[in-house]
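S.K.: Now for the letters of each chain:
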Amino acid sequence: MAKTNRRSKIGLTIEPSAGNGLLDRRIFLKRAIATLSAAGVGAIAMRSAGAAEQTNLEPWTQLPGEGFREYGTPAKYESKVTRTLIRSQPGTTGSGASRTPLEGLDGMITPNGLHFERHHSGVPDIDPAKHRLLIHGMVKRPLVFTIDALMRYPMVSFIYFLECSGNSQLMYGPTPPALTCGQTHGLVSCSDWTGVPLRILLEEAGADPGAQWILAEGADAAGMSRSIPMAKAMDDTILAMYQNGERLRAENGYPVRLFLPGYEGNMSVKWLRRIKVTPTPTMTKDETSRYTDLQANGKSLMFTYPMEVKSLITKPSPGQALRGPGFYEVSGIAWSGNGSIKKVEVSADGGKTWAEAMLSDPVLLRALTRFRIPWKWDGGAAILKSRATDTTGEVQPTREKLVGEHGTNVIFHYNAIQAWSIESNGEVKNVYA
Amino acid sequence: MCMHSLIPICIVSVMLGCASPATKETPNLGRLATTEEIIAWDVSIPPDGTGLPPGSGTPAQGVTVYAQKCLACHGEKGAGQPNDRLVGGHGSLASNSPVRTIGSYWPYATTVFDYVRRAMPYMQSKSLTDEEVYSVTAYLLYLNGIIGEHDVMNAQTLPKVTMPNRDNFILAYPARPK
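Chains as they are written, first to last, in the working numbering: chain F, 1 to 433; chain U, 1001 to 1178.
Don't take every hint at face value.
Derived DSBU-like pairs (lysine-lysine); straight-line CA-CA distance at most 35 Å [as the list claims (entries may be wrong)]: (1) Lys1178/U - Lys401/F; (2) Lys343/F - Lys315/F; (3) Lys1077/U - Lys232/F; (4) Lys343/F - Lys1178/U; (5) Lys1069/U - Lys1024/U; (6) Lys343/F - Lys299/F; (7) Lys1024/U - Lys299/F; (8) Lys1024/U - Lys130/F; (9) Lys1178/U - Lys232/F; (10) Lys232/F - Lys1126/U; (11) Lys299/F - Lys1178/U; (12) Lys401/F - Lys315/F; (13) Lys299/F - Lys1077/U; (14) Lys1024/U - Lys232/F; (15) Lys1024/U - Lys342/F; (16) Lys1160/U - Lys140/F; (17) Lys130/F - Lys1069/U.
Think of the hints as simulated: they come from the structure by calculation, not from any bench.
Kindly generate the complete structure, drawing on both the sequences and the hints.
M.R.: Have a look at this one:
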């Protein structure tokens, strides 16, 4: 694309970085922000905030405010930012999923109350004083741990994403779902997880070095269980006790859950009650009849563990209509179960031209990474896309490529490039483009 | 499971230094589990059937269990509705409307026993006796045309059942196929 300086409607001279109004990601950084504000970006705010509004004496400027609370809640004006598309199996209230409202959040961390949920038989009400973890099987010393005991172990903290392998599954369908970003893609969240490295406990139990697998089992009514390669168990797997600084929420596995960084969410078994060291995979229901990936030829991939490189534009996204031409920040999240995010490119012309977005620090291994790029919408039709590349060099595929390789019956591991169509009235729609 | 040679294990143990915890600084706050505890706790059944309990069941015995405990959610003869269909779908996996059931999709019969015993019936899991689990497993395998009407399912016979879709799974670990 030939790069030319264009005089924008708001009086700025900004180098476009790709077609259809994408601007250089650095324009708001450091000294550039002062220059540009002076040049007129600030005028947008000035224009929308009239003088009369500035001088009103609203009640909160004169009356003492509310007192303290033991446990805070979001501002009441944000009460619509809730988990979304809560669906359960017929006749059940807790066998299904709820999704993170990705479009209502920014940064990289998901608030605990908005972390997505996937349960196979509801949320158990576990008394931590009665909960026990058994480690047995191919070990020298089968051991039972109380929660009090586990709390005394050395812990590590990491920020990791967790994604259900069934996330975005509606995108395999013949027509794009007319839903919000979170409703379509909200089975992904990111938290600061703190817990005990599983390796320490396996070593204490004297796990047989020849054993290649473990089985992890939950204390929920479904006894949710998965086989996990010993190599992963001894590498970065933790028994998570804390999430974003507080003890796990019940729906996220209280009092203790397994956490396998980068792997499909189902393997991070919640309400962990048993680990069995085994010679082979146990072939549980959730690694055979579920969470296997049916291909177009009728064969199925089994043990597809890492969640592949993926990104989404969360702003703007369906349900967030643009209010007239002018400046917008395009922002979203990117992640990879195989590494960290190396770059995210954004297109405003349906993928003809791409500009590199700014990655917000910190850019961490197997964590959500926030990307941003300024965009000046000219009011015409546009198609926004984001394309992530991870540190292994994997590039997020197009939907055409993904479906071409795997078919549409897969259900799991959908990671294709998402296209949002901006209509000339400002509406944002999910499209296959 | 007893096939591992002791010699390489010993060598690896020495090399990795993961011998007794006493030689290494570690919290050691677990207590030894008793054999009785482990037996009661361990409900997982791998494909070779290790851990399958005594007892047995036939399709005919399973009809009664199914009618009482399963039919309300899984329909007449496993036809599904309001919840998952358990029977049929054979030959549908490569079509545009694949039907994944125990018969068409599940690779191991032992998984049926394991899952029913731990997770079903949904409103009162872990309430079936081992005999009932064998029986209803036998009934579901029979409805799917996998075992005969008079076949008995027990710790010896269940692991020997060959599921129709068994060979259609491709392992993506440790390496994803091209």
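S.K.: Each hint needs a verdict: does it hold in this structure or not?
M.R.: Now for the hints, and whether the structure bears them out:
1. Lys1178/U - Lys401/F: Distance ~14 Å between Lys1178/U and Lys401/F Cα, so the pair holds.
2. Lys343/F - Lys315/F: holds, 18 Å
3. Lys1077/U - Lys232/F: Violated, at about 41 Å.
4. Lys343/F - Lys1178/U: With a Cα-Cα distance of about 25 Å, the restraint between Lys343/F and Lys1178/U holds, given a limit of 35 Å.
5. Lys1069/U - Lys1024/U: Roughly 51 Å separates the two Cα atoms, so the pair is violated.
6. Lys343/F - Lys299/F: Answer holds: Lys343/F to Lys299/F is near 34 Å, not above 35 Å.
7. Lys1024/U - Lys299/F: Violated. Lys1024/U to Lys299/F sits at ~47 Å, over the 35 Å cutoff.
8. Lys1024/U - Lys130/F: The given pair, whose Cα atoms are some 29 Å apart, holds under the 35 Å limit.
9. Lys1178/U - Lys232/F: OK: Lys1178/U and Lys232/F at ~22 Å, within 35 Å.
10. Lys232/F - Lys1126/U: Holds, at about 30 Å.
11. Lys299/F - Lys1178/U: Holds - the C-alpha atoms of Lys1178/U and Lys299/F are around 14 Å apart, at most 35 Å.
12. Lys401/F - Lys315/F: Holds - the C-alpha atoms of Lys315/F and Lys401/F are around 25 Å apart, at most 35 Å.
13. Lys299/F - Lys1077/U: Holds, because 27 Å separates the two Cα atoms, which is no more than 35 Å.
14. Lys1024/U - Lys232/F: Distance ~22 Å between Lys1024/U and Lys232/F Cα, so the pair holds.
15. Lys1024/U - Lys342/F: violated, 39 Å
16. Lys1160/U - Lys140/F: holds, 31 Å
17. Lys130/F - Lys1069/U: At roughly 30 Å apart (the allowed maximum being 35 Å), Lys1069/U and Lys130/F satisfy the hint.
Hints 3, 5, 7 and 15 from the earlier list are contradicted by this structure; the remaining hints agree with it.
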